[in-house]
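Protein sequence lines, in the order shown, are assigned to chains A and B. Counted the way the working numbering counts, the first sequence spans residues 33 to 77. Counted the way the working numbering counts, the second sequence spans residues -1 to 428.
It should be emphasised that the hints constitute simulated quantities derived from the structure, not laboratory data. A portion of the hints provided could be inaccurate.
One side only, chain B facing chain A, incomplete, derived with CB under 8 Å [to be verified]:
hint	residue
1	V18
2	L138
3	L179
Owing to the predicted nature of the structure, the values given are computational and were not obtained by experimental measurement. Ideal placement from N, C-alpha and C gives every residue a C-beta, glycine not left out.
Listed here are the chains, written in short residue letters.
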Amino acid sequence: MSEHDSSQSPPDRRPLIALAWVWVGAPLAYGLYELVQKATQLFTG
Amino acid sequence: MPPAALSVHLSIGQAYAWSVFKPPLESALGLSGTQSALPFQLGIVMLGLSAAFGGTLVERNGPRWAMTVALICFSSGFLLSSLGAATEQYWLIVLGYGFVGGIGLGIGYISPVSTLIKWFPDRPGMATGIAIMGFGGGALIASPWSAQMLESFGSDSSGIALAFLVHGLSYAVFMLLGVLLVRVPRSEKPVESAPSAFEGPQVSARNAVRTPQFWCLWVVLCMNVTAGIGILEKAAPMITDFFKGTSTPVSVSAAAGFVALLSAANMAGRIGWSSTSDLIGRKNIYRLYLGVGAVMYGLIALFGDSSKPLFILCALVILSFYGGGFATVPAYLKDLFGTYQVGAIHGRLLTAWSTAGVLGPLIVNWIADRQEEAGKSGSALYGLSFVIMIGLLVVGFVANELVRPVDVRHHIPAPREAADVGARQQPESA
């Protein structure tokens, strides 16, 4: 894979881009969920 | 490109969740609290040093090389720590997580910065905000994940060793996405139509550190981070002390919730304020961080103990400015020094972070201890710290006002040509 991009992203790269966002988004969503659980203790604890 | 940057920053952001390993290490290896903090402290020192000294290498060899180095160092750090825990050799954990892993932190932190700016030349604040938000998000993921792992594997030395091993392997796989996906746009065809990432002043890292602008920004970053750490360092005991004698005392679990909320504000500030800086300008956003930050500290000092919502709101705003300050500074550097060696310049500027990391906790803890010795309690423990924080923010505000465009004598001779040279320095393969 080249480190340089010489042209605009072709349409068939969209699944890869979606997969990449899920790859980083899923653990982040887990972290945010845990954070919200803990933060609510400020109002209920 | 943003997921590639996030995969690295979400991983190395684990550093802020080191505290999860402290109690198990202390009981398993018979360590004191100071000893168990060593790997983290060395890691942060190595972050600053490797970012400062490795920045030029990152610019020369490109982001894929940098992300590979970060992956190898960060992952190897965990593997060495696993060996150290299994054999109960604590020095191996300090060496692994602190020294080797710390190099991964520094190189990983700066690895995507200049590339992101080149991809999004008209929105550099948003671009770097995404990545640096990831560093804040890394602890949010690692903290519950590591705690659950220790619960499953056990908190003895073999359980800790297994947890380190799984961390090392998992982060290697996770960061691999960044290594595989990262790409540098060609200088001839920037992704965004205008303005080009390669327009404007271009200043080398060597010249940048000789300019007053670099040192003004160094002061700005140092003061802003010190002010944020002033709250972050003692957030839980601070909110408890503030409302101890009132009709609305804060429980231990509520204080933990407050700390979590501060983490959310820190993360939101990284993407939110940094993106806003693309619209209102870098100088103006730092006026906001430093000026309004000083006002927030003033409100806490004057009225904080009489209103819990006001205390919480002011603390959240300060922490959002703390995160915003980190995320906006690469774009500020790009405005002043161009994209030519912005990653290397950013690396050198991060020494301000290391300084603030010592300064902030020192001020708040030392003053709180002295006030306690003097028989004071509650909010009175922090009053003087807050006055000092306001003073530091004013110093930062003045430094920001002194920032002017860089004198042309510091520019590289032929900006266009030099930018092309800079771009050619990235290895190109078919």
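Notebook entry, point to check: Taking 8 Å as the limit, does the beta-carbon of V18/B come near enough to a beta-carbon in chain A?
Noted result: violated, 12 Å
Checklist line | Hint status (Cβ of L179/B to nearest Cβ of chain A, threshold 8 Å) | finding: holds, 6 Å
Item checked: Restraint satisfaction for L138/B [CB to CB of chain A, less than 8 Å] -> holds, 3 Å
Against the hints set out earlier in the document, a violation occurs for number 1 only.
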